[in-house]
Amino acid sequence: MGERRAWADKKAEIMSRPGAGAAYEAARIRFELGEAVRLRREQLGLTQAELAERTGLKQPAVARFEAGGTMPTIPMLERLAEALEMRLSVRFQPLREAS
111 MGERRAWADK
121 KAEIMSRPGA
131 GAAYEAARIR
141 FELGEAVRLR
151 REQLGLTQAE
161 LAERTGLKQP
171 AVARFEAGGT
181 MPTIPMLERL
191 AEALEMRLSV
201 RFQPLREAS
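The sequence shown maps to residues 111 to 209 in my numbering.
Note that these hints are calculated values from the structure, not bench results.
All figures in this text were calculated on a predicted structure; none of them were measured in a lab.
Quick reminder that beta carbons are idealized off the backbone N, C-alpha and C, glycines included.
Be aware that one or more of the hints could be misleading.
Label pairs and their in silico Cβ distance ranges [stated by the list, open to error]: (1) P204 <-> E113: 19 to 29 Å; (2) R127 <-> A191: 29 to 39 Å; (3) P128 <-> M181: 13 to 23 Å.
Go ahead and model the full structure; you've got the sequences and the hints to work with.
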């Protein structure tokens, strides 16, 4: 059986692989977008099915999005924002300021 390693060591090994940083960043963005949609949907008291109806999507598509399983297009984000009674704002941020 292999030697157990600390998560920090394993993460450092994985992140040192080519393309790992970009993949991690893409996953982080998907997760944060999905979380923001879920939180706003819950604030409005909507179910996933109701949000799906407002956006013209199917409920499983909303569930996948909220779980961070899909990278949305700008038109999809615009539909979600309108359905959630929000305005979509996209901005670029210098890397040194991003957190």
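Hint numbers not upheld by this structure, sorted from lowest to highest
1
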